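Please build the complex by placing chains R and X on the supplied structure of chain G, with the hints as guidance.
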Amino acid sequence: MNTATAVHKQTRQFTAVCEILKKHRNDRRQLIPILQQVQEVYRYLPPTIMSFIASTLRIPASRVYGAATFYRHFALKPKGKHVIRVCDGTACHVKGSGAIAETLRSHLKLNSGEDTTSDMLFTLETVSCLGACGIAPVMVVNETVHGQLSPAHACTIIDSIKKSEVRHD
Amino acid sequence: MINDTACPVATDRQGHYRSVLDSVKKRVILCAGTGCIANGSLKVMEAMEAACRLHGTPVSVELRYEDDVTATPLYLSRSGCQGFCQMGPLVTIEPDGILYTSVKPEDCDEIVLRTIIKGERIERLLFKDPASGVICRGVGEIPFYTRQARSVLAPCGSIDPECIEEYLAAGGYQAARHAIEAMAPEEICRLILESGLRGRGGGGFPTGKKWELTRIAAGNIKYIICNGDEGDPGAFMDRSVMEGNPHSVVEGMMIAAKAVGANQGYVYVRMEYPLAVKHMRKAVEDARSQGLLGDAVFGSEFSFDIIIMEGAGAFVCGEETALIASIEGRRGMPDPKPPFPAQKGLMGCPTVINNVETFSTVPLIVRGGPGTLRKVGTPASPGTKTFALTGHVVNTGLIEVPFGTTLRTIIYDIGGGVTGADGKIDPDGFKAVQIGGPSGACLTREHLDLPLDFDSLRSIGAMIGSGGLVVMNHTTCMVRIARYFMQFAQNESCGKCITCREGTRQMLALLDDIVEGNGNAGTLELLQITARVVAKASLCGLGKSAPSPVISTLRHFADEYRAHIVDKRCPAGECQALSRPAIKADQCIGCALCVKSCPVGAITGERRQPHSIDADRCINCRACVAVCKLHAIA
Amino acid sequence: MTATAQITVDGMRVALNGERNLLEVIRKAHIDIPTFCYHSELSIYGACRLCMVDVEGRGLVASCAAIPEDGMVVHTTTDEIREIRRVNLEMLLANHDSDCPSCPKNETCKLRALAARLGVREIRYRNIAVKGQRDTTSPSLVRDPSKCILCGDCVRYCEEVQGIGAIGFCGRGSHSTVSPPFEKGLGNVECVNCGGCATVCPTGAITPADDTAPVWKLLRDPSVTVVAQIAPAVRVALGEVFGLEPGEVVTGRIIAAMKRLGFNQVFDTGFAADLTVVEEAHELLPIVTRGGHNFPLLSSCCPAWVKKAEYFDSDLHDHLSSCRSPQQMFGSLARVQLGPTLPPGKKLAVISIMPCTAKKFEASRPEFSKDGVRDVDVVLTTQELAGMIREAGIQLEELEPASFDLPLGFATGAGLIFGTSGGVSEAVVRYLAAELKVPTPAVAFTEVDGNSGIREASVTLGEHTVSIAVVQGLKNADLVLDTIRKKTCRYDFVEIMACPGGCIGGAGQPVPQKKETRMQRSAGLRQIDSVLPVHKAQDNPFVTDCYARLLKHPGSQEARSLLHTSYFSRKREEEDGIELGDQDRSSTALRVRVCVGTSCYLRGAHNLLQKILAGIEEHELQDAVNVQATFCMETCELGPSVAIGNRWLRSATYEKVMEEINGTLEEQKKHDARVTAS
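So the sequence lines, in the order shown, correspond to chains G, R and X. Here the first sequence is numbered in numbering that gives the first Met the number 0, starting from 0 and rising by one per residue. Here the second sequence is numbered in numbering that gives the first Met the number 0, starting from 0 and rising by one per residue. Here the third sequence is numbered in numbering that gives the first Met the number 0, starting from 0 and rising by one per residue.
Incorrect hints may appear among the rest.
Listed next, the in silico DSBU-like pairs over lysine-lysine satisfying Cα-Cα at most 35 Å (straight line) [said to hold, decoys possible]:
1) R/LYS336 x X/LYS486
2) X/LYS485 x R/LYS336
3) X/LYS130 x X/LYS513
4) X/LYS27 x R/LYS535
5) R/LYS336 x G/LYS80
6) R/LYS277 x G/LYS78
7) R/LYS127 x R/LYS103
8) X/LYS474 x G/LYS108
9) X/LYS486 x X/LYS655
10) R/LYS281 x G/LYS78
11) R/LYS208 x R/LYS127
12) G/LYS21 x X/LYS27
13) R/LYS281 x R/LYS42
14) X/LYS109 x X/LYS474
15) G/LYS108 x G/LYS8
16) G/LYS22 x G/LYS162
17) X/LYS485 x G/LYS21
18) X/LYS485 x G/LYS22
19) R/LYS42 x G/LYS108
Calculated directly from the structure, the hints in this document are not laboratory data. Since we're looking at a predicted model, the values are computed, not measured.
So here's chain G without its partners, still in its complex pose (with noise of 0.2 Å):
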């Protein structure tokens, strides 16, 4: 990517920020709505950029980084282009979720404490429920849900994932 269109996306993620938080009118009840704006802008939560709000905000950076780590949708660090969700809910817990968690972190060759490939394609997190408890064991991949899967089966849908990223390239 050449210096060009570098700057114009940096700038246009910026000045996507100012409109968000024009938007909400700076309203700093709403830093709830405006944290998840800014996520998809960015696909995380800069240091910088938080410390921008809080200061547009007129709150305290602490106040802005209390929320932005305690709820599990923040993420402090950039995620991989597609994000693993395995639910491990009652249903699918009973129906073998945790057996597919586990088959997924070592087909994606995640060490203990790794959340994201190293090549940034794949974020592998675990959440309590998806709320699609027929059809357990449930994955989502970005926004598309998987059901009554198999260890082998999700392996599989990640590995043509993987296949159509190679295509890509």
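Below, chains R and X alone, put in the same frame as chain G:
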């Protein structure tokens, strides 16, 4: 009771749209709830539309108010979750009353040709009851449905949730109009109180009483909040209502607003429910454009509007004061009560917080009168309750039954019975059912004939909670289940109060000891003491109810705990430290079927020689156990 | 006759008197309900669960949140409650760094005291404590996360009393911590060093920094002459560590102890306070004589307040008195007066004994150093000095009092009352009265709007009136500062102190054990004032001498160089701000920085920034220009501010900015062309 002719403007639109709907000769409804979409129902819809065009059948995928009343032979629409999730994608054909299950895109051609054009039934797509072998035509015959009493869920599965016109045509917003134009606030509160409606989110607090307390609280600014933060694992009732019948929630909130004097409402939806968020947002926008929300509702002086807010991944935000904190832009940590939200809630103002299902029920009561709920249910718990039936049952899905229905009816008649280790019906397979999610208790055989309602459950130390019902067979280790729920509580604990934060952590450590074979008599005693204190002294409901699964499993499955601690054995065979699949060498013929089934490659062996499992690599998924035809793995 | 509302507590009848909660009523009945997270001055938090009581008919409730109602029957020590308290404490202790003997808080730790009081004799739980990294980035305070019990008192204090919020809760559940944001050290965020967090912390999680080690070294070094100054507030509080009553004046005994420790000379900060009175009064005089009450002077002796003003109130710096604090006035004078008198080869070390943790930060400010030598080398708090005295085995209460050394050890009553809230103002009034040759008026403060943190007084000085506000707590200060911004302020002088009660409530003092402690300390200072022979700064002969020999007159060049200072706007974030271009710092592109701090934002900085970015794209200048958003560039009143290269544009508009950019680029091209040509 209200007079349907009471609202001139809406009636005109309603009347016309009803005619448009009535003019539809045939309607094909595809379930587009999250579950069926996951199984590909949107692709089925595309294929259906293509098949119709291929075979020259004129089809509409959208029915607009402006459409001609005589011109719609076939209407292809989407509905919210119909509840029979395992059998999806589901396709309903009206007026034939046919329900096709597990429909694939390649089936659509045949459906159009044979059922839609010729009126024939395709037997292989109909539901076959595994217990009786009967092939069922539709919801009128399928036991899963016939034993239910769907009232809140009734529209889910027929109406298009993104079409406000359809909701209006069926009488929607009539109740709200009546409440706003013709009822006094105290009248509304009294009506709801008399109806016996109790909070469906788990608390079971009389809704009318909550509204009345808020109505009389001091303050000019008041709020209505709909708690759509259904985070209980194993529960998806609220999701289905928000996805499938969002306008009923909006209408319920409007009525509440008039009852207490509020002008602003919030619906707090979990971000893990993107479809519910989408449908709620559309419902609010459409309601606004029809003058049903905003500055002059129904053209009156009453103003009310709704903001949809998405949660950000914190189960604790289902607790009222934590939810309020979240809406105010703060960390979702609960506050001590008193003061209660009815007196000091959002922004310090009196606030009504009710569950999705509760709001969805309100319009039915305003339309039908104080006796509406009392037609079914029990005297203290009138009406119906939705449950999410999951786990080791034949039919998993979303159901609605009258209060007072027994577990036996739900599990065996509606659920079709308990499945065993191999996935087939096992008449003796029932071990326990977990009710109420992580705040709930495990019920056993002795409770199978207990009528389910708020008070009967409370009397045995359990609670209905939001309505999750997870059935477990003998492959489930109850100690592990207790540990699983404690882990959930630990993960979701907000960390504010000492008791819950440290207590759930220590209890989890003790349970870990037990499942790893390191427990002793002292472990159990300390677990019980801690559970007692956490249940009594925690700041909020999450902490107070976190020990419930432990307490109930200790009471009903003491033997299992003892086996883990004294015998160092896991009777269900789940605890890895205490049991692992092992291949019985004398029975193994070396067919290597298990090798293929193992996702982590833990099984090795030479052809036709007994194989063995590497215990270190084994993740105890037990796929090998299931696949071995000789039952040589235990 | 109406019956008084009352409740029954453990069988005793207690009348209700509008108490905020059940806990206060129970305490009124002399039952010491345990609690960590309840503070009468902070919002109700409800997290520690130790204050639970049993209310008949209602069950267990947290007494801090329960509203007392007529007829309630309360039990405070049932077996159930005892078990709850015991288990909660055990669980806390199982997750706590239990190395008590080496903890700075070991004598005053509330957790240790409560465990002892409640008879916790064993911890049945597995120890899961993790030794955390101590945070020593701040010169004033040390954080030790492994001792934190997450009571949130410090968080609420910083946000609710000081309005700053430098620390907060991070994470969730068992992974919660209380720390500055972005995992930064306390010294690297907007902390103003007031130490209020340390005063409310029940354990050793936040404590004042300990600088005694370098002082011991200096005292032992034969080539160093060690002199010290003692602040007024220290002398009415240090005795508490030795079992004496708060407010008991122990000045002479402290001096004796210090001489024993090896200090060569001990002086009085009060002397420098008298100087401060003179200089500050002379700043105030024209405001008073001009009349109009529309340009208030703000006091500057509280370093926490000054730092806060530098972070958040750059637009009001013109109102801040340029006077240094007494500590620093002393420091610079001592260097000038004592330095030359030293024997050859000897170095001078200036130590100050302060009630305040922010003073440690103040002493480290670069403008208070000369040629690498600080005016004040080390600041010790009251607690630290008491610690040194105890370590040396000196029994303070038994000592024969000694006197301050001269000439820097003589103070009037005016200088001494600096240590209590309202004292600075009163001292200045006394001086002004004498200057204007009118009788000294009594200064009577009244609370504003029922807020004891803001008091006001109006005094008559001949034909002039002086309107004064006295503020305690930085959040209260904002209320007054906002009126200045809105041009509705009716004060001539505003005294701002960060600590409750003024300096006698500083974080370096022994932690007050009773509600009356601070009042008793203030009373002690007032007592000294009343018995001293002189009460006005101009009656201090040594001050007069100082002007005669050195300073000439108030506000002179000599005075300005030694006793005055200037302020700057602290950038609240990293130096670099937010990159909007992708070039690295070393690139030759023209650097354009747009300030998006609050003040500029209010003047339209965001829109301007977006326009500039769009303009750069339109004119295809992306490679030539690197735009950055920064946080504050010290010119808030004239914002929006845009720096193009090294040149700053005030009240910038899009047209002016583009003109400047194009002009600069043109110049650059011409310059480059010339260079290539030659």
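Tell me the hint numbers this structure goes against, listed in increasing order. Violated hints: 1, 2, 5, 8, 11, 12, 16; rest satisfied.
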